[in-house]
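Next come the chains, spelled out residue by residue.
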Amino acid sequence: MNMLPVIERDLQNFLKYKYWIGVLLITNLADLLIMAANYSNLITFGAGTFNYFLFFAPGLTVLSLFGATFIMGIEVSGERHSQQIYYLLSLPINRFQFTIARAFAGAIRSMVFCIPLLIITIVMFGMSSILIFIAIIILFVLAMGLTSLSIALATAIMSTRRYQLARGIISMYLMFASTVFYPYQIGSTPILGRIPILNVVAEFNPLSFGANLLRSLLDPMNYGEVQFYDILGLICFAIVMVYIGLYFYNRFTKIA
Amino acid sequence: MGNVLNIIERDLKRLWNYKLFIFTETLTFLVQIFIYAYILSFLITPELNYMQFYAAGVMILTLWSFGMWAAWEIVDERSEGIVDYHLTLPVSRSEYVLGRMIGGAIRTLIYSVPLIIIFLFVTGLESIWNLLSVFGLLVLFAFGITGMGIIIGTSTMEHSKLNFILGLIDAFIIRLSTIYYPESAMQYWMQFVSRINPLTQASDALRWGLGLPNSSITLYAILFLILFSLIFMGVAIRVLAKRMEGGLAT
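Residue numbers (the working numbering), protein chains in the order written: chain S, 25 to 280; chain R, 161 to 410.
Source of the hints: derived by calculation from the structure; they are not laboratory data. Remember, it's a predicted structure, so these values are computed and weren't measured experimentally. Please note: incorrect hints may appear among the correct ones.
Unchecked claim - Within a straight-line C-alpha distance of at most 30 Å, the following computed BS3-like cross-link-like pairs (lysine-lysine) qualify:
#	chain 1	residue 1	chain 2	residue 2
1	R	K402	R	K321
2	S	K42	R	K173
3	R	K321	R	K173
4	R	K402	R	K173
5	R	K173	S	K40
6	R	K321	R	K179
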């Protein structure tokens, strides 16, 4: 058995979440077109040199991707409850391939959510087709890592309530201790660095890697060239998370 | 009256059933004020003390989330068949519904107390009388939200549909209010929607109660909050009493 049937199954299951899809798409668009627009009227820092709307748009694209990746975690949690997980783990497919296939399918599904925002962002900034292709790859790798994280959480934590708690805490770390909402600094003025430890924590945040890379691709003049550290961090995060997902799937079989 | 009190007592006994939800909400409240708002305050015009402004908004938002929890509870009870049991009790429908609503609103207020203390620490207090008068309005508002949650909860038995309805309402009602930003930051059409938004009226009233700079309360806001709460309470009693009968189908 190869990975394709697993991916196909997950993609077919996607339509089960039509309400989720609707809510997330509407919320993301409202975040950009209402919230970001209003914040940009309110934020006056830099006397016109810093445009918060343009800063927030790539961050929001990454955030929408993150929100969507956790749908896979909810699905895996459901499979554990309905005990369907035993059936899935008994399939004649290598466990590593199985984990990769699920992360791959989750990433494709998540891309559906962030594509509308990505399109709006690209239209705002203007971008060449090769850079668009690179941006999509970056978002896809990030989505694979985040999907694997959600799978690992859903498989590792047996109690649904504890799973929700863990998901809430990790979401808070990923969202608020990152460069999604605010930059490290503007000119020489520290912004994230106002809370010193947050600056350090944000450096190791996958959402920061994604948002930084996207901003650098869209507007290198304002946000600097693409940093090797962000690329390396993103790839390492995705690989490590796939292996953690694999570990917890294996551990689940042993416990079972 | 005794029956209503019994229903309220039952609701209050289940106060800590949702401790995880309360913990997550409290944590979100703290992170949003002490990290998100604190950092954003360095980017926002210095005339506005954004941390204080945001804290008042998030306080109302938390009240909103706790109140809306009534919707989840109703859907849970309907799908698990607990309502069928309640229907067999020797309690009239209106007593049952009234008891549920009062119990839900009191729970919302109890959940909010620790957050209110933290919140007062951030915002400070100008006049205790102003705050007390606003507190009366907010208690009424908590009843209104709980009523709204009950109406939404009775509209479906599916968690996914409820998630969709609440998500849709949140997407607009929160973003088109003065929870996160003042009205002056909004475009004209957003300002119009914001003025007919209960979250705007409640958060502005709370800011006035605390004596935050540039805050005021109008007769319109007071009347709006009173009417909003009374209408939703009345409709919730009617809707829930009606929907509980007849197999609970949607």
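Taking the hints in turn, this is what the structure says about them:
This hinted pair checks out: K402 of chain R and K321 of chain R have alpha carbons roughly 21 Å apart, not beyond 30 Å. A hinted pair counts as satisfied when its Cα atoms are at most 30 Å apart, and K42 of chain S with K173 of chain R does not qualify at roughly 37 Å. Pair hint K321 of chain R plus K173 of chain R holds up; C-alpha atoms about 29 Å apart against a cutoff of 30 Å. As the CA atoms of K402 of chain R and K173 of chain R are separated by approximately 26 Å, the hinted pair is consistent with the 30 Å bound.
A threshold of 30 Å between alpha carbons decides the hint, and for K173 of chain R with K40 of chain S the separation of about 37 Å lies outside it, so the pair is violated. Distance check on the hinted pair: K321 of chain R and K179 of chain R sit about 24 Å apart at the alpha-carbon level, within 30 Å; holds.
When each numbered hint is compared with the structure, violations occur for hints 2, 5.
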